[in-house]
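Asker: If you want the building blocks of each chain, they are given just below.
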Amino acid sequence: MTEPILQIENLHGWYDESHVLHGVTLEARRGETVALIGRNGAGKTSTLRAAMNLLGRREGSIRVNGRETIGMPRHKVAYTGLGYVPEERGIFASLSVQENLMLLPSIGENGMSVARIYEIFPNLRERRRAAAGTLSGGEQQMLAMARVLRTGPQLLLLDEPTEGLAPVIVKAIGSLLAQLKADGMTMLLVEQNFHFARRLADRFYLIENGRITDHFDREGLEAHADRVADVVGV
Amino acid sequence: MTELFGIPMPVLSGQILLGLFNGAFYALLSLGLAVIFGLLRVINFAHGALYMMGAFIAFLLGQWLGLPFWALLVVAPVLVGVFAVAMEKLLLRHVYGLDPLYGLLLTFGVALVIEGMAQYMFGVAGKPFSQPQALSGVSMIGGMILPHYRVFVIVVALITCLGTWALIERTRLGAFLRAATENRPLVEAFGVNVPVLLTATYAFGALLAGFAGVMGAPVFQVSAFMGSNLIIIVFAVVVIGGMGSIGGAIASGFLLGLCEGLTKVVYPEAANIVVFAIMAVVLFFRPSGLFGKAA
Ligand SMILES: Nc1ncnc2c1ncn2[C@@H]1O[C@H](COP(=O)(O)OP(=O)(O)OP(=O)(O)O)[C@@H](O)[C@H]1O
Ligand SMILES: [Mg+2]
Chain A
1 MTEPILQIEN LHGWYDESHV LHGVTLEARR GETVALIGRN GAGKTSTLRA
51 AMNLLGRREG SIRVNGRETI GMPRHKVAYT GLGYVPEERG IFASLSVQEN
101 LMLLPSIGEN GMSVARIYEI FPNLRERRRA AAGTLSGGEQ QMLAMARVLR
151 TGPQLLLLDE PTEGLAPVIV KAIGSLLAQL KADGMTMLLV EQNFHFARRL
201 ADRFYLIENG RITDHFDREG LEAHADRVAD VVGV
Chain B
235 MTELFGIPMP VLSGQILLGL FNGAFYALLS LGLAVIFGLL RVINFAHGAL
285 YMMGAFIAFL LGQWLGLPFW ALLVVAPVLV GVFAVAMEKL LLRHVYGLDP
335 LYGLLLTFGV ALVIEGMAQY MFGVAGKPFS QPQALSGVSM IGGMILPHYR
385 VFVIVVALIT CLGTWALIER TRLGAFLRAA TENRPLVEAF GVNVPVLLTA
435 TYAFGALLAG FAGVMGAPVF QVSAFMGSNL IIIVFAVVVI GGMGSIGGAI
485 ASGFLLGLCE GLTKVVYPEA ANIVVFAIMA VVLFFRPSGL FGKAA
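Heads up: the sequence lines are chains A and B, in that order. The opening residue of the first sequence carries number 1 in the working numbering; numbering runs sequentially from there. The opening residue of the second sequence carries number 235 in the working numbering; numbering runs sequentially from there.
Simulated from the structure, these hints should not be mistaken for lab results. Be aware that a few hints might be false.
Stated by the list, open to error - Covered by chain B, according to a simulated footprint, are these stretches of chain A (three or more residues, beta-carbon under 8 Å):
1. 46-56
2. 84-98
3. 103-116
Claimed, not checked - Here are the computed distance ranges between Cβ atoms for each label pair:
4. Arg-404/B <-> Pro-105/A: 17 to 25 Å
5. Thr-405/B <-> Gly-164/A: 32 to 40 Å
6. Ile-393/B <-> Met-102/A: 26 to 34 Å
7. Pro-73/A <-> Phe-459/B: 36 to 44 Å
8. Tyr-330/B <-> His-22/A: 26 to 34 Å
9. Ile-393/B <-> His-19/A: 48 to 56 Å
10. Ile-393/B <-> Ser-106/A: 30 to 38 Å
11. Ser-106/A <-> Met-374/B: 55 to 63 Å
Every residue, glycine too, gets a C-beta built ideally from N, C-alpha and C.
So here's chain A without its partners, still in its complex pose:
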């Protein structure tokens, strides 16, 4: 139960010449929801991109399900069990909604069925033939999540899933993630919306200038209130 499904150790990352991650260390255990919190430009997105081998250069160690993914070809990384929901959603605009949904290769046994997905996201069913580029921001976010849930991941990497969305949609996403968590999904959640993150997360990491500067669990939240306020500006 306590073996970490994701273990990042002393991770350094670069975009071309610019060194943006300076030794990130964090882990997520099976069934845990871990929030990564930090200011704009702190390196949250870069950390997730590094985990997907989408950063130019990486050093250190990223183990998923016990397998080292640094040095692994990019197209093999997802098969360690990762489901990635990028910050910019990464919807393929010229493909239909249904094509986006069916595009990703399955990576695990327990993928969500399309019927179940359409039950959870009736909007996507209605618009399944439309070009995905015509979806609203909220619908695109739903699609970005739905398509990775179909592949059967063990660990979700969620980059600001509520960014720029209306309160009702934020609420819907919140209850979906809570449901996934109750079903045992492991999640690494990047959020600027701390009120959203605190309801879901079991543990918190603070990231500043490409380094983890603090971490604590739910119980430690009160004690770290100042640090959190400092970082997320609440």
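With chain A held as given, fit chain B with the ligands onto it using these hints.
Answerer: For chain B with the ligands alone, kept in the frame of chain A given last:
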């Protein structure tokens, strides 16, 4: 009716057929260029040389092994595809992500080498290559002369183009291709073997060029520079259709062949430049091409 706008029907229909026949080659070649450019972002200057290679391989295999036309139509394009796989893996792969000029220069260099070798081995004179016996006839329908081989090429090219269009627009494999055209790294991160997809796409485009080369062999002369003459028009066709647009490449290929054919009837002096004139006009009013999306 024997005349239309004062032009005898047989002349008109003959030029329409000839226009569509040339258009078949424009369409097959510009389709390959568009598919390659869409995914690889490489302007494949070797395309004309690959076309010529298809014709020469067919010529040689016909001479050495006596293979019938139908077998050559399959074997020669596949060999061109195999050559393209090697070319992509050994050379082209290294220029991805660099300035597009590198891909252009690289493929241009490869074209010069292929054409130079063909010229060295076979000289400059065209090689004869006969039509398949079964298609050598001519039919008359309502005063229209229909050479069987030309009709065959038009129909086969049309089927090949529509099949390719369906493959890209209607299948999951095509969806990988379209998605990778939009965002290659992300498709790869989702677990699709994009390097193999790139190789396959280049080989497929080359295979189409080789296929066109075999079909052109009986009609155009098989010679080292048969491709470089044609490819200049094809680049104009691609520009008119819109770079990277699959349907646009097919439609503008046939349409421009037709325009050329009709110009030959109406004002023969302009037939050689009409495609470039249309290109200039299209670029002026729609820089992204007739079917291209505005950038
Ligand atoms: N494509 C890029 N090329 C070069 N530098 C980049 C690139 N993307 C991000 N950076 C830099 O890397 C650093 C970390 O950025 P990152 O996107 O990881 O931050 P973030 O914590 O996700 O911020 P935000 O809350 O704004 O999403 C920043 O200094 C940023 O300017
Ligand atoms: Mg970010």
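Asker: If a hint holds in the structure, say so; if it does not, say that too.
Answerer: Hint check results:
1. Look at the segment 46-56 of chain A against chain B: 3 of its residues bring a Cβ nearer than 8 Å to a Cβ of that chain, three or more, so the hint holds.
2. Using a Cβ-Cβ cut-off of 8 Å, 7 residues of the segment 84-98 of chain A lie near chain B, which meets the minimum of three, so the contact claim holds.
3. A stretch counts as covered by a chain when three or more of its residues have a beta carbon under 8 Å from one of that chain; for the segment 103-116 of chain A and chain B the count is 4, and the coverage holds.
4. For the pair Arg-404/B and Pro-105/A, the beta carbons lie near 19 Å from each other, so the given range of 17 to 25 Å is met.
5. Taking the beta carbon of each, Thr-405/B and Gly-164/A are about 34 Å apart, inside 32 to 40 Å as hinted.
6. Judged by the Cβ atoms, the range 26 to 34 Å given for Ile-393/B and Met-102/A holds: they are separated by roughly 27 Å.
7. As the Cβ distance of Pro-73/A to Phe-459/B is approximately 41 Å, the hint placing it in 36 to 44 Å holds.
8. Between Tyr-330/B and His-22/A the CB atoms are about 29 Å apart, so this pair conforms to the stated range of 26 to 34 Å.
9. At about 55 Å, the CB distance of Ile-393/B to His-19/A agrees with the hint of 48 to 56 Å.
10. Distance hint check for Ile-393/B and Ser-106/A: the Cβ-Cβ separation is about 34 Å, which falls inside the suggested range of 30 to 38 Å.
11. Separated by about 58 Å at the C-beta atoms, Ser-106/A and Met-374/B satisfy the suggested range of 55 to 63 Å.
Taken one by one, the earlier hints all hold for this structure without exception.
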